[in-house]
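Trainee: Going down the list, the protein sequences come from chains A and B. For the first sequence, position 43 (counting from the first letter as 1) is numbered 48 according to this note's numbering, and the numbering increases by one without interruption. For the second sequence, position 94 (counting from the first letter as 1) is numbered 100 according to this note's numbering, and the numbering increases by one without interruption.
Source of the hints: derived by calculation from the structure; they are not laboratory data. Glycine is no exception: its CB is placed at the ideal position from the N, C-alpha and C atoms. Hints are supplied without guarantee of correctness; some may be wrong.
[Said to hold, decoys possible] The calculated SDA-like cross-link candidates involving lysine to any residue, where the alpha carbons are at most 25 Å apart (straight line), are:
1) A:K112 / A:L66
2) A:K41 / B:S72
3) A:K41 / B:M95
4) A:K62 / A:D88
[Claimed, not checked] Here are some of the chain A residues that sit facing chain B, going by a computed Cβ distance under 7 Å:
5) H17
6) F99
7) G106
8) K112
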Amino acid sequence: GQQVMQIPQYQHVQEGEDFTTYCNSSTTLSNIQWYKQRPGGHPVFLIQLVKSGEVKKQKRLTFQFGEAKKNSSLHITATQTTDVGTYFCASGGFKTIFGAGTRLFVKA
Amino acid sequence: DTGVSQDPRHKITKRGQNVTFRCDPISEHNRLYWYRQTLGQGPEFLTYFQNEAQLEKSRLLSDRFSAERPKGSFSTLEIQRTEQGDSAMYLCASSHSGRARDTQYFGPGTRLTVL
Chain A
6 GQQVMQIPQY
16 QHVQEGEDFT
26 TYCNSSTTLS
36 NIQWYKQRPG
46 GHPVFLIQLV
56 KSGEVKKQKR
66 LTFQFGEAKK
76 NSSLHITATQ
86 TTDVGTYFCA
96 SGGFKTIFGA
106 GTRLFVKA
Chain B
7 DTGVSQDPRH
17 KITKRGQNVT
27 FRCDPISEHN
37 RLYWYRQTLG
47 QGPEFLTYFQ
57 NEAQLEKSRL
67 LSDRFSAERP
77 KGSFSTLEIQ
87 RTEQGDSAMY
97 LCASSHSGRA
107 RDTQYFGPGT
117 RLTVL
């Protein structure tokens, strides 16, 4: 079945440094979604990309969908302590498949 | 919108007991989903309802699991004869087909601990 793999599993950064998490699939994805889960919280939808090569920005966050629609990335510029949490990529419609997530730690 | 709510937030039970969780979706959301999340993993899809119809069920859902959405509003997830491996966070999400690309909104989850 369809799987999405995320790397890295963990990332420790100093506040102000950039952060990137990557999502890969062996099959073509119909879409890619990104969620953020704060420690002790629930997943919160950030964005969905559907077009090949699509790039979207939300303030300091930049999301990309690969040309072959098999990979995606989330880049955070100048991390802040409020960015702490786990970032998940996911794909699918009603049956959404989630990656294992990248847990971001930000040291002030 | 008051958001997706789930009850209870925490449940501790002994192995072999039955448990039931409730999810109240955002009003007017016609789609409802159940996921299971274990520590260090992403949510795993369990099942999906459109209105009152259960349209998809994961192979992860053994015969001990059953979900209902009798009137197309709230949903229940029952686990019979619980096992220690059932310990996890059970998340509910809802969405509205046709709105905002069917964005799923998650509830706070029910954390199940099976002793």
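Trainee: Decide, hint by hint, whether the structure agrees.
Mentor: Against the structure, the hints:
1. Distance hint between K112 (chain A) and L66 (chain A) is fulfilled; the C-alpha atoms sit about 18 Å from each other, no more than 25 Å.
2. Only pairs whose Cα atoms come within 25 Å are accepted, and K41 (chain A) paired with S72 (chain B) is rejected, the gap being roughly 29 Å.
3. The suggested pairing of K41 (chain A) with M95 (chain B) holds, with an alpha-carbon distance near 16 Å, which does not exceed 25 Å.
4. Proximity of K62 (chain A) to D88 (chain A) is assessed by CA-CA distance (about 15 Å); at most 25 Å being required, the pair is judged to hold.
5. The beta carbon of H17 (chain A) is not positioned within 7 Å of any beta carbon in chain B (closest approach about 16 Å), and the interface hint is therefore violated.
6. Among the interface hints, the one on F99 (chain A) holds; its C-beta lies about 5 Å from the nearest C-beta in chain B, closer than the 7 Å criterion.
7. Residue-level restraint check for G106 (chain A) holds (minimum Cβ-Cβ distance to chain B is 5 Å; threshold 7 Å).
8. Using the Cβ-Cβ criterion of 7 Å, the hint placing K112 (chain A) at the interface with chain B is not satisfied: the shortest such distance is roughly 21 Å.
Checked against the numbered hints above, the structure breaks hints 2, 5, 8 and satisfies the rest.
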